[in-house]
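In terms of our numbering, the first sequence has 698 at position 426, counting the first letter as 1, and numbering is strictly consecutive.
Watch out, some of these pointers could steer you wrong.
[As the list claims (entries may be wrong)] Now the in silico label distances, taken between C-beta atoms and shown as ranges:
hint, residue 1, residue 2, range
1, R330, A709, 49 to 57 angstroms
2, G413, Q684, 21 to 29 angstroms
3, D696, L549, 45 to 53 angstroms
4, G546, D450, 42 to 50 angstroms
5, D461, G546, 44 to 52 angstroms
6, S542, A375, 42 to 50 angstroms
7, I658, Q684, 19 to 27 angstroms
Keep in mind the hints are simulated off the structure, nothing from the lab. Built from N, CA and C at the ideal position, the CB exists for glycine as well.
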Amino acid sequence: MTQLRFHNSLTRREEEFRPLDPAHVKLYVCGPTVYDLAHLGNARPVVVFDVLARLLRRVFPRVTYARNITDVDDKINARARESGEPISAITARTTADFHRDMAALGALPPDVEPTATGHIAEMIALTEKLIARGHAYAAEGHVLFSVGSFPDYGKLSGRNQEELLAGARIDVAPYKRDPGDFVLWKPSDDETPGWDSPWGRGRPGWHIECSAMSWRHLGQQFDIHGGGADLLFPHHENEVAQSRAAFGTPFMAHTWLHNGMLLVNGEKMSKSLGNFLTVQDILAQGPWAGEAFRLLLLRTHYRSALDYTEAGLIEAKAELDDSYAMLGRAPAVSDTPLITEMAEWALEPLVDDLNTPLAIARLRDLRTLENSATVGGSAAAVLSRIGKAWQPVPGQAAAAFREAAAVLGLAQGDPRAWLQGGDDASAIEAAIAARLAARAAKNWAEADRIRAELLAQGVVLEDGPGGTTWKRA
RNA sequence: GGUCCGAUGGCCGAGUGGUCAGGCACAGGUCUGCAAAACCUGCUACGGCGGUUCAAUUCCGCCUCGGACCUCCA
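With the sequences and hints as input, model every part of the structure.
Quick look at the structure:
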């Protein structure tokens with residue numbers, strides 16, 4: 273079995289991944305708070321952990337991937353007050369938008385997608401456990417987690433409690449015993465969503481929901497917990513404290529993975545800064561944009577910061593154009609050990625902390641191998657560089673490319689649809705036929721005029737030995 | 001102020017104690033009626049200063065710059 277390695281935020285080291293149960297791997301990722309359209313930064317963990325889930329499914333017999341929907345939150349309440357739109361309408365619409373946007377980025381749905389409002393009972397149960405074990409206390413209608421009761425608090429984010437307080441930009445609520453204590457449950461007035469609880473009508477704090485939902489769907493302890501690096505503290509730190517303190521366990525998730533931030537113009541994209549681009553903004557650029565953005569995300573290692581640029585998106589599109597063109601040329605072939613070997617080679621970098629940039633580079637090598645086989649040329653340079661003696665016949669490297677790219681969720685579409693999709697193409701075909709006639713008559717001026725005319729319409733012609741093909745620019 | 005991360009060629013972006021990343025752009029070539037596409041070739045980089053070492057872009061220290069986090073944040 274393939275040995276995966278991940279950089280574990282908990283230990284700050286790369287380590288071998290050993291599932292608690294190799295027959296059933298469990299993954300939890302923090303999902304969106306549904307009050308507004310997903311921005312580019314929201315998309316990064318979705319795409320990154322989608323690749324992780326695909327990889328895990330390839331390696332292990334069973335994987336459960338849980339990603340929550342946070343549908344109770346004060347930002348949602350605030351949005352409802354501003355707009356007058358009912359909360360349930362906001363969350364339902366935003367959830368649907370989220371699903372649509374993530375599907376456009378090629379992200380498969382998680383196996384389970386629990387909602388916070390669907391797990392109020394579990395949150396209350398967890399809070400009761402924490403009170404019973406002396407890790408939480410009720411005060412003025414609130415229930416607070418007592419960080420002083422949990423010695424390991426700060427271990428995940430690598431800080432001690434004194435440090436946390438030193439530069440804290442917070443007003444400490446008077447009912448807190450310790451400034452670091454955080455809310456598990458808080459009271460709701462009549463205008464605010466609330467549920468009956470042992471502490472009166474109220475609503476959960478932010479962090480408790482993930483502890484409750486991961487517990488319900490994955491158990492007290494599970495393999496991997498993922499999310500954005502900005503969630504490391506306080507969100508994940510608090511989750512760990514809640515879950516471990518409630519269950520008396522030595523860890524919550526064994527491995528913690530955090531994706532780096534997506535920047536725009538060198539600055540973190542965030543709703544509070546107002547400098548965010550939505551996934552919709554990207555998708556509006558064309559039917560190619562979702563997959564191009566996915567490729568853009570995966571061309572940078574998940575733990576690094578990624579500075580989004582328009583030029584990068586265009587470059588990603590061009591790369592997909594080339595890949596689909598290659599796939600479109602390649603003949604269909606039956607499976608062979610060589611195809612499997614080439615695909616495995618391309619995917620090999622993923623086992624080392626999800627090195628998608630290197631896997632993509634290898635995909636490009638497979639593309640070159642295919643092109644040299646089908647279009648013509650020498651594969652010697654590539655084979656020499658990668659130290660392989662492969663001699664694929666036309667179609668084989670393309671098949672390996674497809675198989676490997678599937679794990680990245682890329683290049684799975686119909687090449688013809690990618691290159692020639694859009695409006696009715698009959699006029700283009702007619703123009704090409706007219707040009708072929710002109711060429712046959714050696715009327716180069718007319719042939720070139722037609723070609724220029726099509727180019728002005730965004731149609732690029734390519735004359736090959738098998739005839740003239742075209743694609744939209 | 002505290003904690004952490006990063007700095008690679010015109011741009012993007014892997015990786016490594018000593019032989020190659022890769023892509024884009026650019027230049028030349030093969031092919032083509034000319035192009036385009038494809039293939040080939042070139043473009044020999046690792047922020048600064050010290051240290052360890054036979055050898056440092058890679059390890060260590062300091063510095064500079066950038067970014068993230070310090071209870072809204074993916």
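Each hint tested on the structure:
no., hint, in the structure
1, R330 to A709: 49 to 57 angstroms, "holds, 51 angstroms"
2, G413 to Q684: 21 to 29 angstroms, "violated, 52 angstroms"
3, D696 to L549: 45 to 53 angstroms, "violated, 32 angstroms"
4, G546 to D450: 42 to 50 angstroms, "violated, 34 angstroms"
5, D461 to G546: 44 to 52 angstroms, "violated, 29 angstroms"
6, S542 to A375: 42 to 50 angstroms, "violated, 24 angstroms"
7, I658 to Q684: 19 to 27 angstroms, "holds, 24 angstroms"
Violation of the numbered hints given earlier is confined to hints 2, 3, 4, 5 and 6; the remaining hints are satisfied by the structure.
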